[in-house]
Every structure is written in structure tokens, then in C-alpha cells.
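4 protein chains.
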Amino acid sequence: MCKIIADPLYKVIEVKEEFIPILDSWPIQRLRYVRQLSFANLVYPSANHTRFEHSLGVAYLASFVAKRLDLDENLFFLAGLLHDTGHGPFAHAFEEVAKCYSNYSHEEKALDWLKELEEKISALGYNIKEIYKEIVGEGTGIIASEIDVDRLDYLQRDSYYVGNASARASYWHLLYNTVLVNGRIAFKEKTVPTIETILVERATLYRTVYYHKTTLAAQSLFGTALSKLIELGYLITYLAKLTDYQLISLFEKEKIREWELLRERKLPKLVAVASIEDYEELKEKLGDKLKVKIYQWPLCILNKIRRRKKKQSILVINDSGELKDITYYSKIQEYRKYLETYKDKVWFFAFKS
Amino acid sequence: MCKIIADPLYKVIEVKEEFIPILDSWPIQRLRYVRQLSFANLVYPSANHTRFEHSLGVAYLASFVAKRLDLDENLFFLAGLLHDTGHGPFAHAFEEVAKCYSNYSHEEKALDWLKELEEKISALGYNIKEIYKEIVGEGTGIIASEIDVDRLDYLQRDSYYVGNASARASYWHLLYNTVLVNGRIAFKEKTVPTIETILVERATLYRTVYYHKTTLAAQSLFGTALSKLIELGYLITYLAKLTDYQLISLFEKEKIREWELLRERKLPKLVAVASIEDYEELKEKLGDKLKVKIYQWPLCILNKIRRRKKKQSILVINDSGELKDITYYSKIQEYRKYLETYKDKVWFFAFKS
Amino acid sequence: MCKIIADPLYKVIEVKEEFIPILDSWPIQRLRYVRQLSFANLVYPSANHTRFEHSLGVAYLASFVAKRLDLDENLFFLAGLLHDTGHGPFAHAFEEVAKCYSNYSHEEKALDWLKELEEKISALGYNIKEIYKEIVGEGTGIIASEIDVDRLDYLQRDSYYVGNASARASYWHLLYNTVLVNGRIAFKEKTVPTIETILVERATLYRTVYYHKTTLAAQSLFGTALSKLIELGYLITYLAKLTDYQLISLFEKEKIREWELLRERKLPKLVAVASIEDYEELKEKLGDKLKVKIYQWPLCILNKIRRRKKKQSILVINDSGELKDITYYSKIQEYRKYLETYKDKVWFFAFKS
Amino acid sequence: MCKIIADPLYKVIEVKEEFIPILDSWPIQRLRYVRQLSFANLVYPSANHTRFEHSLGVAYLASFVAKRLDLDENLFFLAGLLHDTGHGPFAHAFEEVAKCYSNYSHEEKALDWLKELEEKISALGYNIKEIYKEIVGEGTGIIASEIDVDRLDYLQRDSYYVGNASARASYWHLLYNTVLVNGRIAFKEKTVPTIETILVERATLYRTVYYHKTTLAAQSLFGTALSKLIELGYLITYLAKLTDYQLISLFEKEKIREWELLRERKLPKLVAVASIEDYEELKEKLGDKLKVKIYQWPLCILNKIRRRKKKQSILVINDSGELKDITYYSKIQEYRKYLETYKDKVWFFAFKS
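Chains as they are written, first to last, in the numbering used here: chain U, 1 to 353; chain P, 1 to 353; chain L, 1 to 353; chain D, 1 to 353.
Everything labelled a hint here was simulated from the structure, so no lab data went into it.
Owing to the predicted nature of the structure, the values given are computational and were not obtained by experimental measurement.
One-sided excerpt, in silico: chain L residues whose CB lies under 10 Å from chain D:
id: 1; residue: Ala6
id: 2; residue: Gln29
id: 3; residue: Tyr33
id: 4; residue: Asn41
id: 5; residue: His49
id: 6; residue: Thr50
id: 7; residue: Thr243
id: 8; residue: Gln246
id: 9; residue: Ile248
id: 10; residue: Ser249
id: 11; residue: Glu252
id: 12; residue: Lys253
id: 13; residue: Arg263
id: 14; residue: Arg265
Each residue gets a CB set at the ideal place from its N, CA and C atoms; glycine is no exception.
Just chain U, with the same shape it has in the complex (with noise of 0.2 Å):
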């Protein structure tokens, strides 16, 4: 008997029998436990969707798609639904932490739950490690390159979830409209404009969400809950694998005051914005004016200067059968590097007296 699921983006989203086991498991069920967004409800009260249902919006999408090309749809529904189990509590708000202490990354730590899992996953006939692959990009790009079912869902339910708009016929255009070419996901010629709003749109949810000043103040406090913690000793390791409240019950049982602070939605104002270049000089200046403690986000700007892994780039074919990448048809991707300055950027705060 499979299991019907309500979804408000999709209806319904049915999962085999076969499937139940690993829903059913600890990997699985921890992510009703991990918010999609960490602390952004605290701009948007209504986004507290969790990466639980986001991983069965994958599933079903990389199912999916994998169907339509003739690829197996059944491991793209388990990948689409392990893909996520990596994250650690608050999830990016805690990998860029955790980044600051150790080579933390949540596409790796889903290696150690697929391990948890291996048993039961042979039992379906697949290894975890064609699962991981395409967990982490090397694979199709299906559900992890610059246009894939992780980026379609996400876009589309947090958006539902701050109050602008819902499911897209758009996007199912677009996931009609793909084929495999050499082992990869490739995207008709005329869904270039859908492509491109959908960089845009994800732009605006970093500009507007996920990097709204407000989201990134209570993260820097955040940050220095987090860094308290583990300077009183506790394994990133073990942290990592807590729900987002058994980490909130660890800040409460150690009484760390930017957690109080946080909870009660007392936030520090923002008082500048370094780059990386002048990051160092910033903030000096700023901790001699202000003379009181400054909280900063990203914690450490290590992960701004390390180089993160490229995604896979987008492949475009023409009625022709030409494959050429989105660069040839768009200038997407040169607008997106002036969109996306966020990236470079580093946020001060402080309490003003």
C-alpha cells in the first residue's frame, strides 16, 4: 500500500511501499525537525516549512523527471529525498559555522546517514554511493546543478510560504521540456526565459529572505550561540546530527545569552557592510567607535575566500540537437554575478545603547 502525502504545491505526493522503511527512519523523520529556513520567520512569520516536506517535493520531482528520460525513477526518489539529510540544525546558518571549525559540509555529513541507511537500501537493489552521486552534482544534474528539482522546489514553496505566490505552471513547462544528452540534464532552447526568471527569482529570495538584514541579524547571534558551544567543547560532529530544537535546549541548558536574546526576538541593528577586501579594516574601526560587542555574519570569511565547488553549468539544446551552454543564449549568468553580490559581503550589528 503506498502512501499518499498531501503537498500544497503538488496535491499529493505518493510514495511506494517499498519506500516506507527509509521514510519511516530517523535520517528521515529528523528534517520535521530542521526549519527550511532557519530564522527568517523572524521577518516572515509564516515560513516555518521544514526540510522534511522540501525533501519529499524533491523526491517527487527527481522521480519525476527521471521517469520522463528514461532513467530510474526509483533511485531519483530516494536521492530527491535523502539529498537534504546532511544538514545539521538551522542548516546553512549552521554549515557556515561549523566551516569556521572543520571541513563541514551537508552534501559530505549525507554520506554518514546514507551509511546508517545502507542496509536498507540495498534491500531496494541500489548502493548508496549512486546515490550520493547525484546528491552532490556528479551525476545527471538532476537534483544537483544550476537548474535542478532541489533550486524548483525550494524556489516555489518558499515563496508559497512568505506570501508570494504558489505553484508554477512555468516550472512544469520547463521539466517537461528536458533531455538527458551524455548522461546529463539538458533544457530545450525555448525555456531560456523561464531559466533565466528563475535565476532571478532565486536571486530575489537571497536579496529578500534568506539575506534580509533582519535574518542575517539574528543568525550573526546565532553564530555566536553556536561558537560558544563549541568552544565549551562540544563536537561539531555531534552537534550536527541534533534536530533544530535539541540544539535550542543545548543553548538553553548552557544559558547562552545570544540564544535568550534571539528567542525573544531582541535584535541587534545592522551598523555596516564590509567586502572582503576591506572586512579586516572594517571592523576594527568599527569595534574602536562603537565600543560595544559586534556581531558579525558570516562568523569567519574562510568560506567567502575559499573557492565553493562550482555547480554544474546549465546545457541548452536547440531543435537542431546543438548543445551549448546557457552563456550562448542569455546573459543570464554574467547579470546573476551583479545580482548575487551578497555573496562577497559581510554584515556588522551591535546592540546600540
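Could you slot chains P, L and D onto chain U? The hints should help.
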């Protein structure tokens, strides 16, 4: 400077500057940590919305109606914002258990929180009694009666989060067609079909969401877990002021088995449903037969026997200005008795070996 | 190459290549020019959707259900697509008038259009009789019974266009919980609350949209206008094959006053409502009293007296496989009689001096 | 008694009693018979909404903004309601053709309709000049500028009807963050990401809906059909006042072949796209090569060459009260040039043998 808060139903809710100290106070901010539908998210994974956003919604609708009826819109904004402060962690699930041990009711508990805010409320020129009167349904009935803005908000909001539809023009049509008669809200005759629909939709939400057998299975574990805390000596008055996650932390600290099951979604199966009449007999019989622990919801039947305070009835006014009870125009109140049989049932659950 | 058509409810509807000749034929394309709700847009300005998009929706849902029930999904796609071809311009409003003069019914009229398509349908391996059987509700009941995909589509669609909500997860839940018993569709017991809600929502749409007094006022003018055309000698069989705009053009060509009023939304006011019993008496009395032309809807009461063909009842199957009528589980059929009193009424309108 | 009109985007729009004579007049009621997106419904079957509901939406938003900016909300309600009266049947498609023959523009045509309403407008204390000024963008820019409520309404509304999302909180956030500087609307700096998104979304709608090649194919037939009517001697000034269906009736009366093809969705295929530069050459070459009639859109390139009146630019005000053009804060205007290349193209279509 007023605050403009995004909302998926009403798009934006404006909070006037003078209300911000109350909005920012702990009695209201705490509601960010009390989910609206407790354990229904174990059936509907997207139902993670909180009492905080619901309270903003009720404030918004209440002040809208008040303004149209030439009442003090600010008073009603405040009353709407504060109407749910009295809820314990997990709201109704908590209340149902607490009532087995004490005279706890969330409306009365709200009075405690109002007292904490008395100074701030006085500063705005209001006293807590007039606010409380609206909260407990002894005033106009705008916030608390059979058809009130509390219900209009949660019906739309809960529907939005379980994947069924969203903001409805017909509800606004209803709100535009209200009058005030002898200090109480009344509805124009032409709204009768909408009122009937609202009451049926409410019963549907009860039967398919709030009283879904899986929701109740979870609540049966929760009830036992909570009762164990109480038996360990934790005071209900103390527990009632916690957030969802703080209560969970206590469960984890005290290693309460039922919570650990619940967390991992290991839920007992429905084994029987009793009416109040055959409750005792059935319970005994089940115990003999199953030889495993039986969980039940509600935890005790005291509340079923004890009569609930009846809500103010629904007044309808026709074009000639005659005021009559809804029962004059509609058989819906009669039909409801049939639809709402869940009110008088007890559900038994067990982990079958 | 299949066609991917955007749809606000289901996001995209896929039409297989082999169906395109039928999709592109006039019997189907004509439905682009027959609005779904005729004159309801004079009350709800956004209700301008057409029978064409509804027919695609019904085809989509019908083939979905058929596939799940191991029936021939293509047959049901065709039957859904074709089910409304028999509608005259302004659909039900036309039918109601035509019935005063002849035995016209849109289901039977559909047969004419099916015959025009016979060759194309045969080419796909189907015959028009098996399609017609599903359209008139003598088959499985998937497309035509008390709870059918026709209703599921128009309830959602009409709601979407009058400003009330949209696509519902609960309807999909219902469709996932169907079985085929002795060649007829049956619903699992757990769907009873959804079925009850659907029937009440339907009655609400009737009362607030389709039978809104302003919609009926418009229809009373339309009925008179159409009857004038018929009296001028235009054959019903001819008129029935026109589009909305072609009928309007005839009205304008023949300078029919009632259409000119209707076009400018100069509508008569409601002066009385009769039951079938007091219809004759009231009509006479009004004529004497008002001394202006009285418009009525429906145009004649023949159809009220003549019994409509009853739709197939709703079958419910429980976990033990027992099949019972919905009346065993629910009082909704009884309650409907009360809600659907509009069925037996006649409305009188006049331009008051 | 005000009128409460249901709307899918804003739920209800209130029309004050004094505006009802204008709402009920033919210049406004006529817009019920002018579809918003002309032939886009041949690609998006659900895009059947009308200029009437759009005009109500613009009136609603315009008066909302005016009220916040301490302007006369009634004046802006009227201007919003009347802003599209000048549109001929099939709106922009008509205008594009009419411009090949005359100096027709829908904004100027609106003046004719305003004059017909002069008495009614004067009765409300307004004169048509001040209304016209807002309609043509010589006033505050609330209704007509690069970011105006006309666009905010149609972007949301057209999206709603093509299956992409719906009412957006971010647009309301924008409207709450406007100021009036020297009589013109300006936007606070924090709204820049929203403005950028709006302009990209608009370009996406142009490319995927308004300028979809199938929409244009239909328009190429329409353009030829309309030009045939004009050549038969029908005056543009006469045609411009018709409704969609009245123009169609003329096509049918005059048996214009292109309309008959269009009605049955028998559309020519795209054979080439020209820029203004290579237009003449390409056209000639195609004629030689294809030996069938070539349809093109737009019908003439005069309008492409003739410069459109530029819309007022977008003003942004920062926290220090400095007013700057959007180009100071954003590269979007530059990027638009790239996105909006459709402006300078001509499409050729033919029925291939």
C-alpha cells in the same frame, strides 16, 4: 513607523507603531514557538504554522470588522493579537490533558499573560478587562462566537497549510455584511449559505485533520507523556507557560519513552473507538484482550461529560431589520450535531505485537 | 510529440499526439467560445472561463482515475474531452430554454458532435457508443455520477474564478481512494467527510453563484431574448450549434431589446420567488399588480415538473470490502434536499418604474 | 450602499456608491467584452480574463496608493477605472494594426470615452483633464509609469490566469514603501530587488505569453483580417468602439477567411524572424521562396521605427531622502534592453503546403 508584515492569506498585515512593544513582548513572541496544529503535521507535513501568525491574522480581521462597525479598531486589534496567549505548549492537546488535573482553560490562562502586559496595555489607554471580555466571548462576539474572526482565520490558514485552497473572497463578503445589534455582531440574511459552508468546512477540518486518527494516535502518546511529567511533580501552571520545544526538552531530559516514540513517528494503531456511554466497559475489555498498554485520546473523559461553555449563537438580520437566530433560516445547526460526533468519542490505540 | 498545456489547477495537462486531431476539431475548439458560467460574470467579473479548459480538466482527471483503476485511460481521456460538446451557447441557460420547446438535452446533443468525429475516433480504435455511455453516466460513473470528475473539476475551477480558493489536496486524496466494483466507481469509507464537503460546496456554489439573484435576473432576460429568436423561426437544432458570440450576433442582428439591456447590465429587479405549487397563481397576481413586463427564470416550469434523470448514487466501500450506498454512512443526501431547494423555485423579475 | 465585488487577487473590491453610475456606464461595461490578452488564450486556454476586471483592480490599487500618499483617493479610483476605456476590441492587437493606418492610440482614445462621461464625472466634482493626466502618465505616475499599479495588477492577474502563481505579498510591500516627491511617486531603496524582479517578470510574460510565437501567429491572421475590414471601408474610429464579439461578427458577416482560420485555430507556422534592419530584404526573399501568402506580425513596421513615448523613469529614494534614478542602484534597465529584444522584431508566418 508602522510594521508591514507579510502574510500568505492577507498579503500584508500592518501593525501600528504603538502596538510594537506588545508585539515584541514575550507573551506574543512566545507564540512563534507554539504550533497551531500540534501533531497534525505527522499526517500533513506542511502543517507547521504557528499561533503567532494566526494571532496576527485574527488581529487584522478583528480590527477590520471593528472599523466597519464603528467600534474601536485598536481595541479589537489588541484583543485579536492577545486572544491565544493563554495556550500552553501544543495548545489544545495540552489543554485537554491539563483539564484532567485542574480547571485550566486557555482563555482564562490568557488573563495571566494580560496581567503581565497590563502596564503596556494601560499606556495605550486600554484596560485588560475590556480586552479579556472580547477574548472570552462576552462582548461583541467578533473574536469569540460561533462565527468569529478566530474561526475565519484558522479555517483559511489551516486549509492553506494542509494543501487545500486558501484565502476566500466569500469570507470577505461575509465580513462586509455584518452589523452590530445591541452590542453584538449579526450577519445579513444573504450570508446564510456562506455561514452554512463555514460550519461544514470546520467539521471537515475536525474530521480529516484535527481528529484524523493518526493525529489522535500521536496525541495519545503525548497525553501519556505529559501526564508522566505532571506525576513527576511538574506543575501545570509552570508547564502551561512553556513553548513547544521547552516541553519537548523536558520530555527528553526525563527520558519519557512516549515522546521518544512520538519523535520518531512510531505511533500506535487504532484498536477501538468508544462513545462516552460504553467507554468504561470497552476500556476494560480491551485491556483484558490486548495485554499491551493501551493509549487513549482524550486522556480522560471528564471534559466530555462536563459541559463546555456554549459559544454565542449566530444572529441573522433580514432586509427589514428583523433579528433571528440562524436556526430560523437554516438547518445547519441540526446537521452539525450529526457531523460533530467526534466530540463524544474516545479513541484507543495500542502497539500491536 | 505530445502537447503540454498550462492549467491553473493542475499546472500542466499532457495531450498525447494521437488526440491532437480531435483536440483541434471544431466540436472541441468551439468550446473556447462557450463560457462555463454564462452570466455569472455579471456578479463575479472574473468568472470568464470556458467549457474548453473545463473539458481538458475533466479529460485529465478521468484518465488519471481510469489508469489507477486499470481501465483504458485513453478512452476516458476522450470521453472527458468530449463530455460537454453538446452544450449550446451559454450552456445550461440555453438548455433550460430549449427544453421548453423540445426534448433538447446537452448530453444527447453530444451524440451529434460525436458522430461528426466518428471517423477520427474510429481511427484511434474506439467507437462513439462506448464514449457516449460514459458521458451519459451509464458506464463506470467516473465522468457522470453524483461524485464524478466533472464535478471535481468544475467545483475547483469555478471556485478559482470566483475568488474562492483553488486546487485541493483533499480532492486528490479522494481520487486516490477509489475502487472499481462491478464496473462502477466506489469510494473508500475514509473519504466520506470529503464527499460530504463536496456536496455542500456544490450547493453553496449553486446558491451563491449559479443561482445568485443577479445571475438569474440576467438569465431571465436571456431566456426571453432566446425565445424571441425561436419564435422568429430560428431552429433550436441550429441555434444549439452556435457559439456564445454567434448567438449574441443574432440577437444584435434581430435587434432584440432584452439582449441590449443585458449587454449593458441593465437588469430587472427580483420581485417574487414562487414554488412550483404557487407558480401560476403568483404569476397572475404579479401581472395584475405590477403592470410592467415580468421576466422569469426558468422560462417555463415544464422541466421542474418533468423528472430529471437521476444520477447514479454514491457507493462507499469499507475496509472489509462491503459496498453500501452513501446514505448508510452519512446524512448528507437528506441534508442536500434542504440545501437544494433552488431546484423547485421560479424567480420573477421586473424593471420597476 | 457601496458594492462589494469579488476578485481573485484582492478578494473583494469595494466600489463606493457615488461611482456606481460610472461603473454601470457603457464605457466601463464594454470592457467586459474586451479580453485582456486577446489571442494568448490559444496558447493558455485559461487566459480569458477581461479589461473590466483588470480596470477594477487598477482602480483598487491606485486608490490604495493615493490614500497612503495623502492624495485624493477618489480621483485615483476613477482614473484607474477609466484608464483602459480607450482600448479597441482585442486591445493591443487592434492598436498595433490601427497605428498602420492612423494616429490611433488607446490612451488618446480614452479621451473620447471620458468626454461621453463628462457629465457624470463633473457631478462627482472632478474634471476629465485631471483624470486624463494620470491616465497618460503626466501626473504622479501612480497609474502610468515604469512601475505603476497598472503593471502591478496585470502582472499578478495575467500570471494568475496562465497558471503561474498569484497575489504577491512583495508587491504590497512595494506599495507600502512609496513616497511622493515633487508630485511624483518614488520608491524606497529597500524595494529595489522587488522592482528588478517585476521588470524581469514582465519581460518573461512578454516572451512566453504576449509574444509567444503561437499568440503572434494568431495575431498575424487577425491583423490581416482587420486590415481587410479597413480596406472595405470600415472606419477605424468606428471599429475602435466595438467589443471583441462585435468585431468578430463583422469578420463573419464579411466572410473574412483569416478569421475563419483563426476561429478554428488553424494557424500558420513561423517561417522567419526579422530585425527592423533586415525586414524588407527578408520579406522579399521569403515571398520568392515560399510562394504562399506570408502573414506577419506586426502588420507594419512604422510603429517600430516611430519612437514610442517613453514612460516616466523609476525614482528611488534612500534613507537620507536623496532621490535618484533606479539606474543609480541597479543594472536592471541595462539588462532589460537585452531581455526586451522582441520589441524590434518582425515575425513571418505561412501555411506550409
